[in-house]
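Enquirer: Read off the chains here:
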Amino acid sequence: MERINITKNTRGQMRIVEVILASFVIIFALSFTNIFAITPTSQKYEVTELQKLGYNTLHDLDEQGLLARFVYNHEWENLTSALRVLLPLDVYFNVTIYDLQGTKVNNVPIFYGDREAFATSKNVASISYGLVGYPTRLSATYTPQILIIQLVRG
Amino acid sequence: MKMIRHNNKGQFVIIAALLIAIMIISIGALMHTAVTYYKHEPWEEYLTLIGNIELNSRQLVELSLANYTNSNPKNPSILEDNLRKWQTNLTAIYPGREAYLNYTLANQAYNVDGITINYESGLAYIWEKQTSLSAANVTFTLNIASIGLTGYKFTVTTLVKLKILSPPAGDVINVTVTLEDGMPITDLTKDNFQVDNADVVSVSSTYDPTYQIVYTIRCANPISTPVTVKLWDLRGIQVTAKYPSS
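Heads up: the protein sequence lines correspond to chains A and B, in order. No gaps in the numbering here: position 64 of the first sequence is 64 in my numbering, and each next residue is one more. No gaps in the numbering here: position 149 of the second sequence is 1149 in my numbering, and each next residue is one more.
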C-alpha cells in the first residue's frame, strides 16, 4: 500500500516538472520570435523618423569618407547603390546636389522607388546635408555642396 | 484507492490548464506590446544634426591643413578663411535651424610626445627633422537656437607624424606614420610616399612591438644620406622628414 502511494506521488511530481519545462520551452520560443517583431511606424512621427533615418545614413557614409568621394568624383551610381543598401527597402529616396550658388550638380537622377509615392504621400521628409570638400594630394579647396535628400515610405 | 488516483489526475489537469491560461494571457500582453510599441525620442534628430556639423567641421580642418601643407608659399590664414566661410554657409546648408558656429584657433605652444608645436592661426608644421609633423588645432562652440542648444564645445586636433627610424640601409628606408591619437596609419601605399633623388619601387608594412606598424620603403637605387622622405596621407596632408635632421 505504501509502495503504491510513493509511485503515485512521483508520477505527479514528474508531471509538474514536465509542465514547468514545457512552459519554459514556450516562453523561450515566444521571446525568440519577439526579437524579430517589427515595430510599427507612427503616422504622427513618420516625417521626423524619416529625417532621422536620412541624417544617420548620410552621416554614416560621410564618416567612412565615401559620401564626399561619391559627390566630388560624380560617382552617382555608387551613391545610389550605397543609399539603397543603407536605407530600408520600403524607403524611397530622391537626391539632388547643389553648390552654394544653387546650381544643380548631379546631371543624372539619384533616385530609387516609385515617383508616384513622392507625389501622393502625405509624409515626405526632406533633409539638407552639407559637405565641405574632398581633399586630395593635388587639390584641397573649400568647395561646399548641399545634398537635399527626400525620403518617403513606399 | 481508485478514487484518490482519479482525483489526483484531475488536479494535474487543472494545474496544466492554469499554466496554459497564464501563458495565453502573457502571449496576449506580449503581442499587444509588440504591436503597439512606439518610442519617440525627438532629441535624437538633433543629435544627428550636431554630429553632422561636428563631422564636417573636422573635415574642414583636415582639408585646410592639406591645403596649407601642399601650398608654397604657405598661407597661414587658410584655416581661418575657410572657417569664416563655413560659419556663414551653415545658415544656407541647414536652413531654419539657426545654427551658429564659433571657433578659437590654437595660437600657442603645445607639447605632444616631447615635441613642442607652435601653432600659428591653428596650424603648425615641423618639417625636415627625423620626426616631422603637420598639425591643426581648433576649438569650436556650437549654438543651435531652434532647439535651445548653447555652448556645445568640441575640439578638433589633426596631426600626422612621420618618423625616419634609422639611416637608410642600401635601397631601403624604414619609417613610421602616426595620427593625433598615436595610432599608426595602416593603409598607405607607394603612391603616398616620395623619396628625394630616388624612385619608390614598393612600400610594405610590418608589425613592430614598439611602433606597431613600420613601413619599409624600397627604392630603385641605393639611398645616401641626407635623405628626405615626403608623405601624403589619405586626406592629402603632407609631411616632409629628413635624416639626419637639418
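Watch out, some of these pointers could steer you wrong.
[Said to hold, decoys possible] Capping the alpha-carbon separation at 20 Å, the derived lysine to any residue pairs in SDA-like fashion look like this:
hint, chain 1, residue 1, chain 2, residue 2
1, B, K1230, A, L138
2, B, K1163, B, W1127
3, B, K1129, B, A1109
4, B, K1190, A, D99
[Said to hold, decoys possible] Simulated DEER-style distance windows between Cβ atoms:
hint, chain 1, residue 1, chain 2, residue 2, range
5, B, I1213, A, R137, 28 to 38 Å
6, B, E1180, A, S23, 54 to 64 Å
7, B, Y1207, A, D60, 28 to 38 Å
8, B, T1155, A, N73, 28 to 38 Å
9, A, R137, B, A1109, 52 to 62 Å
10, B, H1032, A, D60, 48 to 58 Å
11, B, I1147, A, I16, 52 to 62 Å
Hints listed in this document are in silico derivations from the structure and should not be mistaken for laboratory results. Keep in mind it's a predicted model, so treat the numbers as computed, not measured. Glycine included, each C-beta is placed from N, C-alpha and C at the ideal position.
Enquirer: For each hint, tell me whether it holds in the structure or not.
Expert: Here is what the structure says about each hint:
1. For the given pair, B:K1230 sits about 14 Å from A:L138 by alpha-carbon distance, which is consistent with the 20 Å threshold.
2. A threshold of 20 Å between alpha carbons decides the hint, and for B:K1163 with B:W1127 the separation of about 11 Å falls inside it, so the pair holds.
3. Taken as a hint, the B:K1129 and B:A1109 pair is honoured in the structure, with Cα atoms around 18 Å apart against an allowance of 20 Å.
4. For the proposed pair B:K1190 and A:D99, the alpha carbon gap of about 34 Å is over 20 Å, so the pair is violated.
5. The beta-carbon spacing between B:I1213 and A:R137, approximately 21 Å, falls outside the hinted interval of 28 to 38 Å.
6. Between B:E1180 and A:S23, the C-beta spacing of about 56 Å keeps the proposed range 54 to 64 Å intact.
7. For the pair B:Y1207 and A:D60, the supplied restraint of 28 to 38 Å holds, since their beta-carbon distance comes to about 30 Å.
8. Between B:T1155 and A:N73 the CB atoms are about 30 Å apart, so this pair conforms to the stated range of 28 to 38 Å.
9. Take A:R137 and B:A1109: their Cβ atoms lie about 29 Å apart, and the range 52 to 62 Å is violated.
10. Look at B:H1032 against A:D60: about 34 Å separates their beta carbons, and that is not inside 48 to 58 Å.
11. Taking the beta carbon of each, B:I1147 and A:I16 are about 58 Å apart, inside 52 to 62 Å as hinted.
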